[in-house]
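These protein sequences, in sequence, are chains A and B. Be aware that the first sequence starts at 9, since it is given in the working numbering, and climbs by one per residue. Be aware that the second sequence starts at 424, since it is given in the working numbering, and climbs by one per residue.
Possibly wrong hints are sitting among the right ones.
[As the list claims (entries may be wrong)] Simulated DEER-style distance windows between Cβ atoms:
1. B:S594 to A:D237: 42 to 48 Å
2. B:A489 to A:V367: 31 to 37 Å
3. A:Q294 to B:S594: 56 to 62 Å
4. B:V453 to A:V367: 31 to 37 Å
5. B:T455 to A:R204: 20 to 26 Å
6. A:G382 to B:A544: 55 to 61 Å
7. B:S546 to A:T385: 50 to 56 Å
8. B:D448 to A:E12: 45 to 51 Å
9. B:D448 to A:E270: 41 to 47 Å
Source of the hints: derived by calculation from the structure; they are not laboratory data. A virtual CB, placed ideally from N, CA and C, is assigned to each residue, including glycine.
Chain by chain, the residues run as shown.
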Amino acid sequence: MSQELTIGFLPLVDACLPILAREHGFAEEEGVSLRFVRDMTWATVLDRLLYGYSDAAHMVAPLAIATTLGRGRPAQPLSVPFVLGLNGNAITMAPELAARVAVTGGLGDPAVIGAALAIEARRRAEIGRPLRFGVVHRYSSHSYVLRYWLASSGIRPDRDVEITTVAPPFCADALETGEVDAICVGEPWNSVAVERGAGQIALVTAQIWRRGVEKVLALREPVLNDRRDATEALIRAMRKAGAHFVDPANLETNAAILARPEYLDGDARLIQRAISDRLLLSRGGQVVHYPDFMFQYREAANFPWVSQAEWLYTQMVRWDDVVFDPENAQRAARVFRPDVYRSALLGTGDVLPGASSKVEGSVGQRTAVTTQQGSMTLESNRFFDGMVFDPTDLRGYLARLP
Amino acid sequence: MRIAIIDESAARASVIQEGLAAVADCELFVVTERRGLVARIGEIAPDIVLMDLGNPSRDVLEEYFAVSRAVARPIAMFVDESDDESIAASIEAGVSAYVVDGLAAHRIRPLLDLAVRRFNAFSRLQTDLADARGRLAERETIDKAKRILMNTRGLPEHEAYAEMRNHAMQSGKRIADIAEAVVTAQSLLGGTR
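Given these sequences and hints, build the entire structure.
Next up, the structure:
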C-alpha cells in the first residue's frame, strides 16, 4: 500500500526534483505517491505547511530557519532532511544600470562589478534616488547572497541601497516600470525579463558563493517524525530524479514536463535553457554556458550540511539586526537533518559524506573527501571575496564580516 | 475598525465588501490594483487586512508589515493557534487575514467568519456559473447535431433527438458527447459547422 505525501511548491525550476520523482515513477518505485499544491507566494506555501494542508514544501532555505526561530511569526519547528538544490539565481539589472556597471557579452567578475556598483550607488544616493534591489522574500537565499555581495563590495544594504520584496512573476514588470533597478531571482524569471528587454543578467549567484544553499524540502518536525518512512522514500526517489535530471540526454523531456500547466506553466524553451546551465544575458545577445549555475546532484548536493544552516543563521543575525544567541544558533543548526538523509540512503550505494558539517568556502581545487559510503570529490566552494566560514566559530565569523 | 480587502478579482472583492458592509463600526477599503499596493495600504492604515491566499503580493505585503514603521504592524491571523478550526476554514476558503496586534479576538472572529462565508459563496457562484456556461454550450451542440440529422436524414426534430438519446444509452455515453461526435464528423466530412 503506497503512502501519500502532499508537497507545496512555487512554480520555479528548482522545484524539479519532487516533480520529476513523481513523473518518472521514482516515487511510486519507492512506495510513495506524491500530490502537489502549487501556490504563488512563500507565505501561502508556508501557511499550508504549518496547518497541515501539505506534508512537505519546496522552500527558500532561510525561511525554514526563520520559521523555526519565530522570526515574523510565533516559532514552529521545521526540519530539512533534503536540500533541493544549490544556487540557480541571477542578478538582473535594468539596462541603464547594466550599462554603467556590468560587462557586455559575458558574466563579469563580481568584485569588479561590485566596485563599479559602489560608485553608482553613491551617485544615486546623492541625487536622492538610491538604488533599489528586488528580492523574492525577506528570508530567501536571494536576499542573503545579494546582501553578502553588496556588503563585501563596500555597499551597506538598507542604508546605501534599498532592498524590497518583489513577487517572481512581476520581476520583469518591476524592472520595466523602474520600481527597482535590479532583481535577484530564480529561473525562469531572469530569462523572462531578458526576453522582454527589461533587463540584463549581470551575475549569477554561483559566482558569489560557488556552492550556496538555495531551496530545501521542509516539513514540520512532528510531521517528519510521523511520516518518517514516507519521507525517507521520497528522499531516495528524489536522488534518482536528480541523476535523471542532470543527464543531458533527458533535458528536453524534463523541460517539457516542468513547463506543463500544473507545474511551472511556462515556456519549455526558457526552462530547458536554465536547467542546462545556459543563460541569454541580454536580448539579442549570445547564450552563455555557465557550468553549475544550478546544482542539483553531484557532490551530494542534496545533503543538508549543518554548516549551511549555521551560515544562514549568521546572515539572519547580520541583516535582521538581532543579537547573536548561541541557543538560537543551535536551534537553527538542528533544522538541517543529515541523520534523516543518511538513514534514507544507507545501503543504496549513493554517496554519503563522512562529516555532517564542513568549513564553507575553504575548497579551492578538487579535493577527495572521506565518506561514510561511496566516493566523493569536492570542487571549489569559494565565496567571491575569499572569506571562509568556520562553523566552530560563528561569533568570530560575524566579527570579521564587513 | 478599518478593514482593507485586497483582491485582484474585483468581482470577489465586491462580494466580500457587500458581506462586511452590514457590520457596524467598520470602514471598508477595497484594493484590486497590484501596483502601488504597499503605498495604498500605508494610506489606509488598516486594523485588519483580508487578502486572498492566491494573491501574488502576499510576500510583498508581509515584508512591508515586518519592516514598516509607518503602520501599526498587522500580523498573520493564522498564527493564533488557539483557533485551529477557524484557521482551517480560512485556508479552505482561500482567505488570509492580518490583524493589528492587540485587537481583541472576539471582535475579529465574527469578521473572519463572515469573510470566509463570503469567499465560499463566491466560489460557489463561480462553480455555478461555470456549470451554467457548460450546460449552455452543450445545449448549443445538441441543437446543432439535431439540425445535421434533420437535414442529412430527413428526420423530424423529435426523432433526431431520440436517435441521439438511444445511441447515448446504448453506448453508455452522454447525449452531449454523441452530439459533439455528430458535429465533428459532419465538419470532417466537409459539411459546414
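Now for the hints, and whether the structure bears them out:
1. Evaluation of the 42 to 48 Å hint for B:S594 and A:D237 yields a pass: the beta carbon distance comes to about 45 Å.
2. Distance hint for B:A489 and A:V367: a CB-CB separation of about 32 Å, consistent with the stated range 31 to 37 Å.
3. The hinted window of 56 to 62 Å between A:Q294 and B:S594 holds, with their beta carbons roughly 58 Å apart.
4. Taking the beta carbon of each, B:V453 and A:V367 are about 54 Å apart, not inside 31 to 37 Å as hinted.
5. In this structure the supplied range 20 to 26 Å holds for B:T455 paired with A:R204, their Cβ-Cβ distance being about 24 Å.
6. Checked against the given bound of 55 to 61 Å, the beta carbons of A:G382 and B:A544, roughly 57 Å apart, stay inside it.
7. One distance hint, 50 to 56 Å for the beta-carbon pair B:S546 and A:T385, holds here, with the actual separation near 54 Å.
8. The hint said 45 to 51 Å for the Cβ distance between B:D448 and A:E12, and at roughly 46 Å that hint holds.
9. A beta carbon spacing of about 44 Å between B:D448 and A:E270 agrees with the range 41 to 47 Å that was offered as a hint.
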